[in-house]
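Trainee: So the protein lines, in turn, are chains H and X. Going by this note's numbering, the residue at position 83 of the first sequence is 84; the numbering climbs one at a time, nothing skipped. Going by this note's numbering, the residue at position 26 of the second sequence is 27; the numbering climbs one at a time, nothing skipped.
Capping the alpha-carbon separation at 25 angstroms, the derived lysine-lysine pairs in BS3-like fashion look like this:
| id | chain 1 | residue 1 | chain 2 | residue 2 |
| --- | --- | --- | --- | --- |
| 1 | H | K117 | X | K87 |
| 2 | H | K89 | X | K117 |
| 3 | H | K87 | H | K117 |
| 4 | X | K87 | H | K87 |
| 5 | H | K117 | X | K44 |
| 6 | X | K44 | H | K44 |
| 7 | H | K117 | H | K44 |
| 8 | H | K86 | X | K44 |
| 9 | H | K44 | X | K117 |
| 10 | H | K117 | X | K117 |
| 11 | X | K89 | H | K44 |
| 12 | X | K87 | X | K44 |
| 13 | H | K44 | H | K89 |
| 14 | H | K86 | H | K44 |
| 15 | H | K89 | X | K44 |
| 16 | H | K44 | X | K86 |
| 17 | H | K87 | X | K117 |
| 18 | X | K89 | X | K117 |
| 19 | H | K87 | H | K44 |
| 20 | H | K87 | X | K44 |
| 21 | X | K117 | X | K44 |
| 22 | H | K117 | X | K89 |
| 23 | X | K87 | H | K44 |
Source of the hints: derived by calculation from the structure; they are not laboratory data. Remember, it's a predicted structure, so these values are computed and weren't measured experimentally.
Protein chains: 2
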Amino acid sequence: MSNTRVPPSIEPAAADAVAPCCPPLAERPLTAEEAEVAARMFKALGDPVRLRLFSAVASHEGGEACVCDISDVGVSQPTVSHHLKKLKEAGLLTSERRGTWVHYRVEPSVLAAMGKLLTAAPR
Amino acid sequence: MSNTRVPPSIEPAAADAVAPCCPPLAERPLTAEEAEVAARMFKALGDPVRLRLFSAVASHEGGEACVCDISDVGVSQPTVSHHLKKLKEAGLLTSERRGTWVHYRVEPSVLAAMGKLLTAAPR
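So here's chain H without its partners, still in its complex pose:
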């Protein structure tokens, strides 16, 4: 593993997960590898608090929000941070610090890729 030729990516795990991985679930059976990637994204949304945080970011102006905008979900700030980290690790959110606050962003391509997974197959 050389790190001299390839510039390190800031968030390689997130970038991998963001890439559309799979055909629609109803098109053909997923392979084991495809299912690993897609299940990671679904699992990240499989918690009510994480889902509310994701929805809060996704529905905020421009698809991004300061952490100060989205903490109104009835859990402590450390819990909010924990869940935002999980969403980042799954590739669903990216983040950027600007001054005091960290801003979170949903990549539209991620929503589109997950939505595509759930489209019905033509019959």
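With chain H held as given, fit chain X onto it using these hints.
Mentor: This is chain X only, laid out in the frame that chain H set:
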């Protein structure tokens, strides 16, 4: 709680989950109640084996499959049964016994409702 007036549903939990629950995640922040329902569906798909089983049913002819058609996912039959039960409990599959075999079915409305959750908001 009277059970004399309302005929009992065969699968009330599943029927509740099947009902489209929520606006697109990017339209407005989900409420706590909406997030509970939607997270349950995402969580059911958040396991690679369950996701493969769901995809195997969804992509099978007519959106339904005999359990004998979909057990090729590298886990034991009891494990397959366990995961199919979880998918039923989440309202993602329904089942019906026909002779020897149980047949599983994806309701297209469930796929459509989950896909709608993941559509991008108009900007």
